[in-house]
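S.K.: So the chains spell out like this:
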Amino acid sequence: MNAHRMPRAGWVVVAAGVLAIGWGLWQLVVVAPSATRPVAAAAWLAGALIVHDGVIAPVAVLVGLLLVRSLTPRSRRLVAVLAFVAVSLLVLALPGLLRP
Amino acid sequence: MIELPSARAVLHPVDEPFPPGAHDTRSAVTIGRLLGIAVAVAFVTGMISHLHQHPLGWLDLPSRPVWGYRVTQGLHVIAGIAAIPLLLAKLWVVYRHLFVWPPVRDAAHAVERLLLVPLVAGMLFEVTSGLLNVVRWYPWPFFFPRVHYGVAWMVVGSLAAHLAFKWWAVCGRIPEPVAAQPVLGDEPLASPGAAGAAGAAGAPDADRRALLIGALASTAAVTLATAGQTVPALHAISALKPRDPLAGPQGLAVNRTASAAGVRSAALDPGWQLTLAAGDRVTRFTLADLVAMPQQVARLPLACVEGWSAEAEWTGVPLRALLSAAGVPADAHLRAVSLERNWLYANSPLNPAQAWDPLTLLALRLDGEPLDLDHGYPLRLIGPNRPGVHQTKWLERIEVA
Chain A
47 MNAHRMPRAG WVVVAAGVLA IGWGLWQLVV VAPSATRPVA AAAWLAGALI
97 VHDGVIAPVA VLVGLLLVRS LTPRSRRLVA VLAFVAVSLL VLALPGLLRP
Chain B
321 MIELPSARAV LHPVDEPFPP GAHDTRSAVT IGRLLGIAVA VAFVTGMISH
371 LHQHPLGWLD LPSRPVWGYR VTQGLHVIAG IAAIPLLLAK LWVVYRHLFV
421 WPPVRDAAHA VERLLLVPLV AGMLFEVTSG LLNVVRWYPW PFFFPRVHYG
471 VAWMVVGSLA AHLAFKWWAV CGRIPEPVAA QPVLGDEPLA SPGAAGAAGA
521 AGAPDADRRA LLIGALASTA AVTLATAGQT VPALHAISAL KPRDPLAGPQ
571 GLAVNRTASA AGVRSAALDP GWQLTLAAGD RVTRFTLADL VAMPQQVARL
621 PLACVEGWSA EAEWTGVPLR ALLSAAGVPA DAHLRAVSLE RNWLYANSPL
671 NPAQAWDPLT LLALRLDGEP LDLDHGYPLR LIGPNRPGVH QTKWLERIEV
721 A
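For the protein sequence lines, the chains are A and B, in the order given. When you line the first sequence up against the numbering used here, it's residues 47 to 146, in that order. When you line the second sequence up against the numbering used here, it's residues 321 to 721, in that order.
These are calculated hints, taken from the structure and not from any lab test. Mixed in with the good hints there might be a few duds.
[Said to hold, decoys possible] Covered, in the sense of this in silico footprint (three residues per stretch, anywhere, with C-beta under 8 Å from a C-beta of chain B), are these stretches of chain A: (1) 51-57; (2) 75-88; (3) 103-117; (4) 126-139.
Where is the CB? At the ideal position from N, CA and C, for every residue including glycine.
From just these sequences and the hints, can you work out the full model?
M.R.: Here you go:
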C-alpha cells in the first residue's frame, strides 16, 4: 500500500483544494443567499448524488449483469458500446423533450 | 454496461483481487484523464464568461479577439456536454468503490472519501444544471449562474484533492493487475482457454478497450450532435443542437423578443432618441441623426452564454465617434441602458477598451436590412468579444457608469 500513499507535499494540494471548496461554499451560502437559495441548492446537489448512486448506477449494473449473462463476451461488448452511445444521446435530448 | 462481474463481486469489492478490466485502476485513470481535460476546459472558459458578466473593478477584459467569447463560451458548452458521457463512464468504472470495506481505513482515507462528496455531487450538478440552462429550463428556485459558479469552485477544489490522493495512478504508477482470481463471483471470471483468447469473459484488455471505445464514441456523438450550434461546419449535421443560431428574424436567433421585454411601443415610438450622458453633459440623437452619420460595416458574432453563436454583418455608427464628439473621457467606464426595465440584464457595462474599440457599433442594420424589432430596433449595441446578453438591444441611453 505504501506505493499508493500520497506524498506529504500532496497535503498542500489538498489544503488548496479545501480552500477552493470553501470559496465555493462561501459564494453559495454567504454572498447572496437570496439568489443562491442555499437550502434548495443543497437539495439539488444531494439529489444529483442520490439519483445517480441510488438509481442510475444500480440500473446500469443490473443491465450490465443481464448482458453478461445473456450474451457472448464479444457481442456483449458491442451491445454495451452501442447502448452507451444511445443512452448518451438520449440524456442529451431529454431536457428538450421534457421541458414544459 | 461493458464488463460486469457478479453482484457479489460488485458489492463486496476487496481492492486488490478485483478482476482486471473495465473496473480497475487503469480504466479509471484512462476515463479520468479525458474527463479531467473536459473539466479543465469548462472551468477556465466558465471563469472567463463569469469575468465578462461580472467584471472585476480592477480587471478590464480586452475587446479582442473579435471571436473571443464566441470561442470560449462555445468551448464551455462543448466541454460540458462532452463531460456527460465521460462522467457517467467514470462513475460506472469506480462505482464499486462506494461499497469498499472497511468504509474508512485511516484518517487520510476518511479525508479522501469525504472530499469525493463535493466532487461527485458537484460534477453531477454542473452537467445537469448546465444542460438545463442550455435549453433555458430552470426547474429550481435559485439563480442559475451564481450556483453554477459556486459549485464550479467546489468541483475544482475537490478535484485537485482527488488528483493529489490519486497522484500515483494519475502518473501511471499503476501496479500490474493481479491475475484474475475466479473466486469472487458466481461465475468464472477469466479462463482464457475456455472461451477463446479474444472473446473470453474477463479478458481485461478487450473490456478496457470496449470501455474506451464506448466513452470516446459517446463523447464524439454528443459533441457532433450539438456543436453545430456554434461551429458553422457542423451546423447541418448537429441534429440535437439545443438552438439553431440561424433560426429567427433576419436569419439570426433571438433569446428575448420585444414583446417579452415589454418594449414594443417604446421602440416603435417615432419620437425615440438616444441619450449620451457624461456627467452634466447630455447629448441627444434622433434616429435621423444617427442614420446621417458615417456608417461602418462589421462582421461580428452574436455569441450567447448558452453556447450558440452566429456571425452577421452589422451596420451602424461606431460608439467611439459619439464618445469623442461628446468629449467623454477615454478612461471612463460606460453603461448601455435599454428601453427595457426591470430585467437583470437590461443594461450592460462597457470598459474603456470595449467602448473605444472601432468595431463596437451602435447598430442600425443587420445584414443590410433595418434591425428587426426583436433584434433591437431602433438601435442596439454590438461589439467584439462580448457575451450576447451584453449586446444590449433597444438602446435608450449611453451613460458614464
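S.K.: Each hint: holds or not?
M.R.: So, going through the hints one by one against the coordinates:
Given a C-beta distance limit of less than 8 Å, the hint that chain B covers the segment 51-57 of chain A holds, as 5 residues qualify and 3 suffice. A count of 7 residues in the segment 75-88 of chain A with a Cβ less than 8 Å from any Cβ of chain B is obtained; the coverage claim is therefore met, three being the minimum. Coverage of a stretch by a chain is defined here by at least three residues with a beta carbon nearer than 8 Å to that chain's beta carbons; for the segment 103-117 of chain A and chain B the count is 8, and the condition holds. Given a C-beta distance limit of less than 8 Å, the hint that chain B covers the segment 126-139 of chain A holds, as 11 residues qualify and 3 suffice.
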